[in-house]
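If you read the protein sequences in the order shown, they are chains G and Z.
Under our numbering, residues 32 to 387 are what the first sequence spells out, in order.
Under our numbering, residues 378 to 941 are what the second sequence spells out, in order.
No lab work stands behind these hints: they were computed from the structure.
Cβ atoms here follow ideal geometry from the backbone N, Cα and C, with glycine treated the same way.
Some hints could be false.
Some chain G residues near chain Z, calculated using beta-carbon distances under 8 Å [claimed, not checked]:
#1 ALA81
#2 PHE83
#3 TYR84
#4 PRO103
#5 HIS104
#6 THR108
#7 MET110
#8 TRP118
#9 HIS120
#10 THR122
#11 PHE129
#12 GLU133
#13 ARG134
#14 ILE181
#15 SER378
#16 ALA379
Using C-beta positions, here's what the derived DEER-type ranges look like [what the hints assert, rightly or not]:
#17 LEU713/Z x GLN156/G: 34 to 44 Å
#18 ALA858/Z x GLN156/G: 53 to 63 Å
#19 TYR640/Z x ARG198/G: 52 to 62 Å
#20 ALA557/Z x LEU92/G: 29 to 39 Å
#21 GLN156/G x ILE691/Z: 55 to 65 Å
#22 PRO855/Z x PHE44/G: 26 to 36 Å
#23 PHE382/Z x GLY39/G: 27 to 37 Å
#24 LYS125/G x ILE399/Z: 44 to 54 Å
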Amino acid sequence: MIALTIEGLVKKFGDTVALDGISLRIEPGELFFLLGPSGCGKTTLLRNIAGFYIPDAGRILFGDEDVTKLPPHKRNTGMMFQSYALWPHMTVAKNVAFGLEERRIPAAEIRQRVHAALDSVQMGQYAERKIAQLSGGQQQRVALARALVIRPRCVLLDEPLSNLDARLRLEMRSEIRRVCKENGLTAIYVTHDQKEALSISDRMAVLEGGRIAQIGTPEQVYRRPRTRIVADFIGETNFLKGKMQSLDGRKACIETGEGIFEGFLGDPEWKPSKGDEVSLSIRPESWSLQTMPAPVNAVKGRIGESIYLGEVAQYRLQAAHHDLKIFELNPHISARGEGQEFFAVASADDVVVLKP
Amino acid sequence: MSLQFSRLVFLATAVFFGLFFIWPISETLYGAFIGSDGKFTIDYIAEVFRNPLYVEGLWNSLQMGVWSTLLAALIAIPLAWMSDRFLFPGKFLLGALVLVPMVMPPFVGAIGIKQILGQQGALNALLEDIGLLDPAYPVDWLGEGRIWGVIVLNALHLYPILYLNVLAALANVDPAMEEAAENLGCTGFRKFRRVTLPLIMPGIFAGGTIVFIWSFTELGVPLMFDFTRVTSVQIFYGIKDIGGNPFPFALVVVLLCSTVLIYAASKFFFGRDSHAMMAKATSQGGPRQAGFAMGLVCSGLFGLVTFLAVLPHIGVIMVAFSTDWYQTILPGGWTLSHFESALGHNLTLPSIQNSLKYAGLATILDLFLGVAIAYVVVRTRLAGRQILDAMSMLPLAVPGLVLAFGYLAMTQEGKIFSFLNPTVDPLIILVIAYSVRRLPYVVRSAAAGFQQTSVTLEEAAQNLGCPPLRTLRRITLPLIAANLLAGGLLAFSFAMLEVSDSLILAQKQQDFPITKAIYELYQLLGEGRFVASALGVWAMAFLAVTIIGTSLILGKKLGAIFRA
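The following block holds chain Z by itself, in its conformation from the complex:
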């Protein structure tokens, strides 16, 4: 491609990033540090740390982030190790199913969890039936420990990201490294701890970072659990008076700074030295057939994790089909009427339409930007292309909540971007918000495609008279179509499930996407939770198909997309 055109692409993508990534963050910083008199102040930030409610919220957020990440690692690492080492019965199917929870909206799952673990839920009913529990004194499983409900749900939702990263890292470990350890007398778990684990640490770090940032700032799940003493929810409630109140700004900035600090600290401790493999694997490792017992353990663990992870969603599905479910193990009766009333409700159909529209447009925007950025980064030698590359990965490190808040702040009345104000029409700002957050996945998959496609294939086309842009269309894009499809599908399904941007930016009923519609329906008295569940089931079925399809297309390469 000509130099001028590359520069133009570079400039356009850089401007887009400046406007819709750096600007909203600056706008938030402005709100947090500039007082009503227009002077710099740190009073607002200081006040956050003086207010015990906010401090408790931050502490809870931190716990949520740390424990969710550890729990996710505890689930993901053994699974990845088994998948890397063994062939076991049902591996192909289980390997795909184990990824499904990633796209199951956890805040929909919260409805199911409450149905199962609530005071009048299925577990208590079961315990009462077998005489272990006095019906007069039901246990409130989610009462005091409701933060643990949030943590478990987060971990069960996010472990696939770590799983994919660790799997990719394990695939890169030269089997000779472990053979050398065995040869020197180090075997079993000791070998794993002393040789394998340090080698895959960068992979664990890469995935763990995303899981931490995600769960540290999770909004949907604590909201559904009515767990309000957590920073993300406090910000969400603070948005109502965004005009006059500086504290939401200060909270967002504290959240952002903590993320950056924790990221930097953990990078310093865990991600410091990525151990480059000295040579390509010399011996063919590859998984070997597991013995009967090991096979049973592997299949069993994969099955159990998948089951636990989808259990909340099974709960949701049952709620969606049940006539009544109160103080019983299973619903009192079955019905399809909720699906009908879900479709009949004036929130539902428009919300599906809206979500398809927002997510579809965002995906198209992502594909354009992703291909352009990946092209500049991989195929040109333009100065500054590494900065563009790093910038396109940043949305993974910045919490969605922070960005969503920034968009809201930059479109307030009196600001330059007030014409995009979501209370008028959230279409443009939501599409941009959705696409910025998912851009890293598309850039990564497109860049991987460019890297795998030898540049001589493009040179051959130009040599035969094909101009650069047409070469991109006739040769390169068809060759990387699978990567683009996978990246696009992923971007699309995550956009369909987006919580923070949707809850914060969609403010009028006719503009609600699916996630916000579910949230609103759930708030309704009466059959609200049944109808919300029915809508959730539609969304889940659709997304499960999408993610399984994607993982079949990409295989192990899927892991490379989820790296910070």
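Just chain G, with the same shape it has in the complex:
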């Protein structure tokens, strides 16, 4: 188990700056996610860690060892590729054995370790199959076994589930977490699927235009996004425009077109002053609909549209200046007819104050 440290990493392709000074530390045994929209630099960062790109500036450390200039084959990382990159001219067992053969492990031990690795991903009986004879999910398991069997210093996963269907994705994401945790591996997982990141990561970094927008646990990032883009990218949210009234530590009081709101600053280092324009981010599930008004954090509006989904209902509430999306768990939709007037109320803890 090693920690992974990245210091001031810069990577340019011609005039395009793909990574613009990335610094982060990944703790030993952590399952760390790199998340962001396409083009944000997350795959570029992973390929720098794997050694397929050499950065223009900055350092990459595995534990205390500087690997910035080390060629890929000397880094001892186990990478899982988006396309799996399984070799079609070899059997399943040969694919998994490859890394061990390169390490000059005795044949008997190779056999035993390949066997164990395939068993651990439930692919034991497919050892002699050709790659073309496997389904997508099976190929994914083989790719995982091949990356892990060499006991790498860290595991690099490049959108490993993006080629699977929805049901298999759910199953495999807990499988990947189980295997990483059982083997105590430091793992870096690249994805654009926020559900994957929220569900199984220890911590995540959200990238935006080659920079890190936020690092934190899933709950930190979801509940206290630091920028509008993070709030928008992770989960769904409603933005309300407003003006700063007063600030007490992180707690802020905002005047909006819908009324007075109280909430907490997303970015603790940000010090807005009175009268500054701000945005409020309030998640759809944070609202509750009621018939009585409230002094703060309430929006008056009419139900515009309602979608009943069984366990949850989605409403559009048309207020004076905003259209709000509201989720209600265990809904009674017959009591929420179109055109009816309600007050949507959120608790101050669920209101995040962001730069506009």
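Dock chain Z against chain G, hints included.
Chain Z alone, transformed into the frame defined by chain G:
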């Protein structure tokens, strides 16, 4: 692969090209433009155009090139169209057989053609038998029109190159394009002319260029037909006094310049805009089952073309087995003795050995160079890699005759490369000559392999601890083995059949390859042509197996190899 290593590979291949492609051509240019006093002159070139013999030769060469190409296109385009559109009885076999003529040495076929169409040949005998011809006045079919014999033989030899190109181009045409034309009321031949033909024009151009250059400078066939008023043969005869005579140099330069000019002009007119398909095919086209009549037409045409194309070679085979064949439709009797005397002749066995040695070594060299060049071109971002790519395709555009002459010129006594002089030992220079000419095929097939193989397969190996060179050996080469095999087989079979380099560069009897041995045997009086035919049959049987095997391995991809 590390940057330094890529640069080294780049440098090595570039140096090889400089030495054995650019140098011989420069040496030829030097001989043509520098007078005996060491000063620049255009007198030699001017003299070529003043000499009516040379002008006639050039005119005949041009006719040979143009008519052979047109005739080949006339054969190839309908065949390719049928193969693209229809399923017909025997398509798989006929589709492979139709390629066989490509590797049948046309100058061996010339022996057969003369046997069939000559004054004392089978056709006249047939006409006399059925009373259409007076035996006292036999028609000399190849007399005045012997250039047409050469043209037909060239076309029947080269149409497969066009066929493969057009087939590949047709496969790329989005069926929706033609459906759109039909939807707007344009059907049948009109649709073909207005929509399909313009779309496949780049393919026709690519194949047509090779066919033209090949037939424009063809040496073997006119030589066998004793058709001497053609530039290639004039150069061949001029080689005997290469030391003191500047005119062969001037002729070669005129030939080279005409090739380049004609290539540029036709590229300007036909190959200008390659119409990129806007989207991938939206509907599954695919050939459909031909109706009974259409099926009959397709199978019939494929069969007829194949038959006509191999007819000269059937003639050769019959000559090889016949005791006597003079003024009769079929040979007077059958015998195996020519094969025995062919094997017994002191030219034969060494020539087979020599050919295997030259062609084998050339193929190995080609594979090394081809993989290296394709790697640099496809897998690296080195500046100048496109130049290397373009350079490796150039041997397709430069006539073999020109290169062969250049090799001879650069190894003359007193030159830096005189230690490679073919009169001493032609091994090295012949292997290089063979390999340079076939390099484009190997580069193309290797590059196609690299392109089809996702680079992540190599990255995965490196990620698991495999260094770059070993990754190439353990992952990439096995994955592109089929491409390399096909490219290598093709290079090998063409090298076995090579005419210009062999006739010009192999000068001592013990160094003759098969083609030159056949040529020399044919010159012998008496049973010469029978023994030459027997040797030709051995070569053809061997090559037919090779090319059918290759086409089965590569399928439609075979066409991609033959592009200029």
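_Checking hints one by one. Is PHE129/G an interface residue toward chain Z, by the C-beta closer than 8 Å rule?_
holds (6 Å)
*Return the status of the interface hint for PRO103/G: holds when the least beta-carbon distance to chain Z is below 8 Å, violated otherwise.*
holds (4 Å)
*asked:* Given the hint of 26 to 36 Å, is the C-beta distance from PRO855/Z to PHE44/G inside that range or not?
replied: holds (31 Å)
*Would the hint on THR108/G stand, with a C-beta cut-off of 8 Å toward chain Z?*
holds (6 Å)
*Is it true that ALA557/Z and LEU92/G lie within 29 to 39 Å of each other by Cβ?*
violated (59 Å)
*Would you say the C-beta atoms of LYS125/G and ILE399/Z sit inside 44 to 54 Å of each other?*
holds (45 Å)
*Using the Cβ atoms, figure out if GLN156/G sits within 55 to 65 Å of ILE691/Z.*
holds (57 Å)
*Taking the least C-beta to C-beta distance, is TRP118/G closer than 8 Å to chain Z?*
This hint holds: TRP118/G lies near chain Z, its Cβ roughly 6 Å from the closest one there, short of 8 Å.
*Kindly confirm whether 34 to 44 Å is satisfied by the beta carbon distance between LEU713/Z and GLN156/G.*
Hint violated: Cβ distance 59 Å, outside 34 to 44 Å.
*Identify whether the interface hint at PHE83/G stands, where standing means a beta carbon of chain Z within less than 8 Å of its own.*
holds (6 Å)
_Interface hint compliance - HIS104/G to chain Z, C-beta minimum distance less than 8 Å_ = For HIS104/G, the interface hint holds, since the closest Cβ of chain Z sits about 5 Å away, which is under 8 Å.
*Take a look at whether the Cβ-Cβ distance between PHE382/Z and GLY39/G falls inside 27 to 37 Å.*
holds (30 Å)
Going down the numbered hints, you'll see the structure goes against 3, 10, 15, 16, 17, 18, 20, while the others check out.
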